[in-house]
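Participant: Chains G and D are the protein sequences, given in the same order.
Quick note on our numbering: the first sequence kicks off at 7 and runs consecutively.
Quick note on our numbering: the second sequence kicks off at 71 and runs consecutively.
Hint data in this document are derived by calculation from the structure and do not stem from the laboratory.
Honestly, I wouldn't trust all of these hints.
Stated by the list, open to error - Simulated restraints on C-beta separations:
(1) 65/G - 129/D: 34 to 44 Å
(2) 228/D - 331/G: 33 to 43 Å
(3) 324/G - 114/D: 32 to 42 Å
(4) 351/G - 131/D: 32 to 42 Å
(5) 319/D - 327/G: 49 to 59 Å
(6) 317/G - 110/D: 49 to 59 Å
(7) 324/G - 352/D: 50 to 60 Å
(8) 180/G - 134/D: 52 to 62 Å
Owing to the predicted nature of the structure, the values given are computational and were not obtained by experimental measurement.
By construction, the Cβ of each residue, glycine as well, lies at the ideal position given by its N, Cα and C atoms.
Each chain is listed here by its residues.
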Amino acid sequence: MSFAEIAPVAHHHPWPRRIVDAGYWRDIAGRLAAGEWGFLALWGDTGAVHLAFLEATTPATVSVATLPCPEGRFPSVAKALAVASRPERAIRDLFGLEPIGANDERHWLDHGRWPGGRPFAAPAPGDAEDAAGAAPGLPPYRFLDSTGPGLHQIPVGPVHAGIIEPGHFRFTCNGETIVRLEERLGYVHKGLDRLLAGSTIERAAKLAARISGDSTVAYSFAFALAVENALGVKAPPRAEWQRALMAELERLANHLGDIGAVCNDAAYAIMLAHCSSLREQVLRTAETAFGHRLMMDGIQPGGVAVELKKEGAAAVRGLIKVVRAQFPELVELYDNTASLADRTVATGRLDPALAAAFSAGGFVGRASGRSFDARRDLPYAPYDRLHFEVPVMTEGDVNARVWIRIKEVEQSLDLIEQILAGMPTGATTADLLGHIMSTCEGLAVVEGFRGDILASVRISADGTIERAYLRDPSWAQWPLLEAAIEGNIVADFPLCNKSFNCSYSGHDL
Amino acid sequence: MTILGNLTIQILQMLLVLLPAPLLIGFIRKVKARLLRKKGPPLIQPYRDLIKLVGKEAVVADSASWLFRAVPYLVFAATWVAAALIPTFATGLLFSWSADLIAIIALLGSARFFLALAGMDVGTGFGGLGSSREMMFATLAEPAMIMIVFAVALIAGSTQLSYVAEFMLSPAVGLRVSLALGLIGLVIVAIAENARIPVDNPATHLELTMVHEAMVLEYSGRHLAMIELSAQLKLLLYVSLIACLFLPWGLAPVGAGIGLHVFGIAAYFAKLAVAGVALAVFETSIAKMRVFRVPDFIGVALMLGLLATLLRFMSGSL
């Protein structure tokens with residue numbers, strides 16, 4: 007019996023979830039490692055692990071495999087598939103489930119400072135301190151060895167000189183050349199899995215909107231879709247179009263900010279000044295149109311919170327005019343500044359093979375030849391009715407990642423015009439509560455500015471969230487940054503890092 | 071009487087380089103901000119920062135030795151003396167007999183040497199990183215500077231600055247290719263030595279890209295104030311040096327009256343302002359170089375200095 011012939015569990019929408027045994031689990035891991043299927047997410051549950059992946063059909067479909075682990079163990083996916091390594095380590099920290107055969111057995115999110123040990127696992131008999139509420143304490147974190155003559159280490163962070171999120175980077179260098187970079191993340195762990203579990207849909211939506219502040223619209227969008235899929239509700243058409251408008255405005259603002267910030271890291275401050283001014287105009291327009299600069303909580307399960315008024319639509323139209331007038335000049339400035347091109351071209355090159363192996367989404371994947379965009383490949387309303395292109399490049403360097411952003415800004419401008427022109431009228435919220443019957447599950451994949459955000463929810467019969475998991479695209483992009491920087495010089499790291507612009511908060515959960 | 075007059079001028083000169091040094095930085099920042107369509111901090115912000123730093127507690131690492139504490143004062147003293155030796159508004163300085171280009175290079179070299187030692191003293195990754203980069207640049211910047219000085223000295227017939235300035239003002243100097251080469255070389259060295267874009271970014275918060283800032287990352291409080299002030303003095307010093315060697319117009323000659331001295335000061339400030347605007351415009355229009363491209367950049371200065379000296383040897387009129 008092949009995997010597809012296993013009967014899917016009931017009430018999991020819109021894609022099937024199948025309960026598998028260890029044999030199928032290993033088989034799926036093998037297919038993922040062989041590049042036959044694409045990895046989406048690996049997350050834990052009480053006594054089970056879930057693996058979401060992309061089947062290479064046309065159109066692509068998502069599948070979820072669930073392996074019950076009554077003995078608290080599961081065969082490691084990471085043994086064959088490197089991208090699964092950190093998710094597995096996180097599962098072990100949160101749920102106490104042991105990946106068998108994993109290459110890396112170090113803790114990941116748990117830094118030995120959590121009172122009460124693993125949040126989702128019953129305290130083991132040996133964990134005497136757990137009962138007292140004290141942190142169990144872990145052995146000191148051991149960074150991977152790099153030895154050789156002339157090698158030295160540079161520890162950077164978790165607290166940085168600029169006002170950015172915390173993360174530790176351990177560089178092993180030979181003079182200026184980076185031999186190995188190892189990341190240590192988890193400093194902004196907020197306990198989201200635990201916070202989401204047991205909360206009402208309303209509260210969970212607010213939490214989801216705050217997982218990674220710069221992608222708040224995309225996260226709300228993904229969470230709302232997952233809940234609606236679970237309950238079998240469809241948001242009214244006007245709400246769908248309004249959501250897309252918010253999502254594109256968010257993409258526009260973040261891409262503009264990133265383009266400027268990458269240039270600023272090469273000390274080319276004039277690009278940052280102009281891009282920041284454009285970004286600020288996007289944010290102000292968002293405030294006029296949706297009442298919040300970042301449009302936080304603008305999207306809610308069942309619809310949208312704010313009705314787009316005439317003045318709002320007019321403001322967005324005005325914004326598009328401004329950006330269309332000013333942006334091409336900035337692109338020209340970027341393209342014609344030789345000293346800047348000297349920094350970005352061929353710096354931090356990410357091998358397309360690696361981008362494919364890690365199923366990297368967003369500009370990281372698309373700059374390295376991986377043509378995937380959830381808006382096109384796993385279409386959700388209203389993108390199935392909109393026309394846009396997904397830019398793809400193969401150079402994989404900092405310059406390519408900037409260019410993907412530039413092209414996506416242009417696509418977003420087109421999309422916003424289409425959305426404004428085609429926006430239907432009608433209600434903007436649908437009733438959810440009437441549809442809560444029994445335990446149901448929903449899955450959604452939404453394209454944020456960084457890449458595809460996956461949301462999975464299980465809603466219990468009383469209407470509370472039993473388990474919700476939101477996977478940030480950064481899970482696949484952080485490890486790739488380690489690979490892209492190898493062989494570059496230390497002074498180029500900030501530039502590469504900014505061109506990846508991974509989320510700490512979204513990753514640390 | 072002459073001695074008293076010269077002493078007054080010398081003291082005035084020492085204050086004249088110390089007091090406007092933060093103002094020059096403030097001015098450059100202001101011009102840069104305006105170029106980026108920002109308001110920018112007030113002109114006197116660098117003074118406020120220095121006062122703030124002096125009032126703060128100096129946090130010193132446990133592993134720091136006496137060297138770490140002594141270096142800020144050493145660096146400041148050496149830089150101030152070097153800056154005070156350059157004729158800014160008048161040539162009749164009391165110490166003008168010691169205002170030798172070689173002495174100035176030696177003073178700056180020692181300051182750099184001690185700063186690099188202090189960078190490595192604490193033993194953090196960044197200090198060592200900054201010191202190694204600074205030294206990599208210095209290995210080219212110092213010889214470049216010396217070659218340029220040789221070219222100038224061969225033309226003027228002296229390494230003494232007052233004499234060189236007077237010679238440059240005289241019709242004997244004429245139009246010389248070697249001087250033009252020397253000027254370009256000196257500007258490159260000045261940019262590199264003062265950690266300006268495209269060699270270093272004085273405004274960055276990215277530890278890993280820093281050169282000068284990485285070296286002094288462990289300093290705080292009054293120590294940092296000394297180092298900041300030294301850096302500001304050094305920028306002023308290079309501007310003054312370029313002005314004195316290549317644009318010595320307005321310098322009050324020995325024994326001139328008050329009027330000429332006041333005019334000299336006014337001319338000096340005008341030169342500082344022009345240099346500040348030029349630097350700000352240049353920095354805004356260019357991105358920072360890759361670290362390993364910087365030696366090429368400073369290497370150009372070295373080549374120019376060498377060429378200038380060679381040209382002077384080949385023909386007395388070039």
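Participant: Evaluate each hint against the coordinates.
Facilitator: Cross-check of the supplied hints:
1. 65/G - 129/D: 34 to 44 Å: violated (60 Å)
2. 228/D - 331/G: 33 to 43 Å: violated (59 Å)
3. 324/G - 114/D: 32 to 42 Å: holds (40 Å)
4. 351/G - 131/D: 32 to 42 Å: This hint holds: roughly 39 Å between Cβ atoms.
5. 319/D - 327/G: 49 to 59 Å: holds (52 Å)
6. 317/G - 110/D: 49 to 59 Å: Violated, at about 34 Å.
7. 324/G - 352/D: 50 to 60 Å: violated (36 Å)
8. 180/G - 134/D: 52 to 62 Å: violated (27 Å)
The structure is inconsistent with the numbered hints 1, 2, 6, 7, 8, although it conforms to all the rest.
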